[in-house]
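Knowing the structure of chain A, use the given hints to seat chain B on it.
Protein sequences, first through last, are from chains A and B. Take the first sequence: its letter number 80 is residue 80 in our numbering, and every next letter is one higher. Just add 1000 to the spot in the second sequence (first one is 1) and you have our numbering.
Derived by calculation from the structure, the hints in this document are not laboratory data. Backbone N, C-alpha and C define an ideal beta-carbon position, used for all residues, glycine too. You may find that some hints are simply not true.
Pair ranges (Cβ atoms, derived) [claimed, not checked]: (1) Ala1109/B <-> Ala99/A: 49 to 55 Å; (2) Thr1088/B <-> Thr24/A: 39 to 45 Å; (3) Ser1563/B <-> Ala37/A: 51 to 57 Å; (4) Arg1619/B <-> Leu82/A: 56 to 62 Å; (5) Ala103/A <-> Pro1359/B: 29 to 35 Å; (6) Phe1120/B <-> Ala105/A: 54 to 60 Å.
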Amino acid sequence: MTARDLLTRMLPPLTGWLAVGALTLPDGSPARVAAVAVFLTAGPGAALVRIWWPALRVPPAVGPAEDWDTRFTGRSGVLERLLLVPLVSLAVLTVTATALLAAQAFSGRRVLLLLTLLTLLAAYCPRTRPS
Amino acid sequence: MPGPEGDRRDRRDGRGRGTAGDGGSGRDASPPDATAPGGADPRAPQAGVRGPSGGTGPRTSARRRWSAVWPVGPLAVALTLWAYAVRTTHVTELDDFGLVSAVHPAYWAGLAVLAAGFWFTVRRPDRADAWGLAYVLGLLVMQRATQALVYPTPLHAWAWKHDAVVGHLLTDGGLRTGAELGDMAVYDQWPGFFAAQAAVVRLAGVENTLTLMSWWPLLSSVLVLAPLVLIHRTFTQDRRLIWTGVWLFCVGNWVGQDYFSPQSLALTLHLAVLALVLRRFPGAEHRGSRQAVWTTVLVTLMVPVVLSHQLTPVVLIVSLGVLALTRRHRDGVPFLAAVALFAAWNLTASLPFLSAALPEMLASVGDIGANVETGYGTTPTGAGAVTASWAARALSATVVALAVLGALRRPELRRQARPLLLLTGVPPLLIAANGYGSEMIFRVLMFMLPGAAFFAAAALLPRSGGTRGAVPPPTPARWLWLPLPVVLAVTLAFVPSYAGKDRLSYFPPAEAALVGDLVESAPDGSLVAAANRNYPQAYGDYWRLDHYWFLEEDPAKVERILSRPARTLALDMKDVAEPGRAYLLFTEGQRADAEMNGRLTGAEWRRVEKSVATSAYFRRVAHNRAGTVYELDVRAVAVEEDAR
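Extracted from the complex, chain A is given alone in its bound form (with noise of 0.2 Å):
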């Protein structure tokens, strides 16, 4: 494993364990603020999104009938490699706060550290192989 592999896999549970240190920050201060929100944007759906990505990638998009420009394939993959990113972060933020309130056990760090943890799970979890 490579210092980038180690870091690509490892930093995503690192800016969740930044999160619930800056939780001890004054309420509302910008450094609790930005803490939360890189990590709630993006921790959790870089760490699954790093698992997923080499099945995710192997099979040939759809893509325009046009042929002029040669990276323009690679570059609607790496757009839509950005895009899962957020939106599964935000998915997973959504759900795991909706069980934790039909379970009538909702609290923000509650919300924060089950996300830390899955994302600390997945870090540790072997990347889909391609097939």
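Chain B alone, transformed into the frame defined by chain A:
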């Protein structure tokens, strides 16, 4: 017809190393700096683009440098004008034209410069995406950040209602039933968006969502760009078409569903699901073992849509169903997954609401006339409201007409983008199904817009001149100048459509403070009555306070109230159990809504206020320049009743 991009891999890039279809595969061996804006030279195309050689002479170099930098100019000028306009705009005295007349003229100049700069920047089919993105982001900032900066409080009573829902979840820490919350329990049956916001509020350590509410239109509009661009990129490589489509989507999306609401997030997720299905779910014959992973991704994105919103999952299911019927995307998995999730949620958590609403929903099926009606008390009244209303209609009609024209005059695009054409035709079907609280026509427009904007852009651009081989030529002068007035007109028409009724939507700090103090100090079980619900915290603490809006009664009852305002209202409000009290609230926001939607004239409003102010039944308990709070003297009403 679009095909799997990987099928053309060997033809397109003999140098490619990778085997997969993503940007990280290293398929392209072109130098990375070629993706910079400077790569979009009129003679030397960006790397990876097949086109004529750029030449090597000093004049060519100078031209290349100029081409690389000139789009910065209009963008910088526009944003500077906008910044100046925002700094010098004052909104203390809004008239009936809202922000249209309040904003400094520099704003309009900036918007025109931005639109013209955009149009000339994207004239090349191979212009780097960074420029299109920069201009569209500039447009969104000018469109959706202006209100956040010039108004000290968030706009829209509906957004304030959603803040109240988040407040309820934070206070209760759980979901409640209809028996406990009445009509507002519907939000506990689709709580996804609010649950996420409740977590954000707690974790950020802020009191409420008000700051987020102000900036949400910008955030949600930026978020929707990625799936929108991805959808457009599925059908063309032509950057003019892609970014002009995105531009028209931004200016045509005046409907205002970008505010702090479940549907704003649900729209993004809906478009993301469609983009992924269009790109990654070709016909079943192409299906492979990756299907399970892609289906997992789709389900992950669909779940919050189902948890958050009533209408969007329906549109999603119908859209996926239509796609599954086409030869190009004949794969029922996404459709079945959406149906299963929708059924699972609606037959369990939201069943109480659905079972109560089902008879009315069934009755409205096929009643198209009723489904497109805007409802009682929503007739634009006064020059400002009428102008805004007609500007919005003209804007939508222009985009739809351009879309029809674009689809008609570009048969090759009609073939290539047939799935998108079909998806654009799905939302109007909803009009036959339901009125959605008199809002269906607006929602239909919103869901049509991603596809309509793409084809509308095609109407403004020349045919690309073949789909194979070298990069298409730049837009000829004729096609550059003729559509420019249209681009300018629709860009400017967005402002009255979106912000022309800000007198209705804006609640000054005095109004927010007056209502906030009332909600905070009212004992449990109190009744807060008002003319209508157009004021901040119209649903404040709804889990412990009752709210009543007398202009929403049927017309006969409203007539009775207008004939003897104080007495009729007092009798309506008197049955409040101790320790609750009954309050009557008049604010400028309510007055603006009553006047601009044709519910009351100014004279009628003043008569109601005067009747209450001089009545023995009511006692004034709070007042500022934005409104007045009266408390009902229940004993006085009882004495009067006994005397009769």
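Each hint tested on the structure:
1. For the hinted restraint 49 to 55 Å between Ala1109/B and Ala99/A, the CB-CB distance of approximately 51 Å keeps it satisfied.
2. One distance hint, 39 to 45 Å for the beta-carbon pair Thr1088/B and Thr24/A, holds here, with the actual separation near 42 Å.
3. Checking the proposed 51 to 57 Å range against Ser1563/B and Ala37/A shows it holds: the Cβ atoms sit about 54 Å from each other.
4. Checked against the hint of 56 to 62 Å, the pair Arg1619/B and Leu82/A passes, with Cβ atoms roughly 60 Å apart.
5. A C-beta distance of roughly 32 Å is found between Ala103/A and Pro1359/B, which places it inside the suggested range of 29 to 35 Å.
6. Judged by the Cβ atoms, the range 54 to 60 Å given for Phe1120/B and Ala105/A holds: they are separated by roughly 57 Å.
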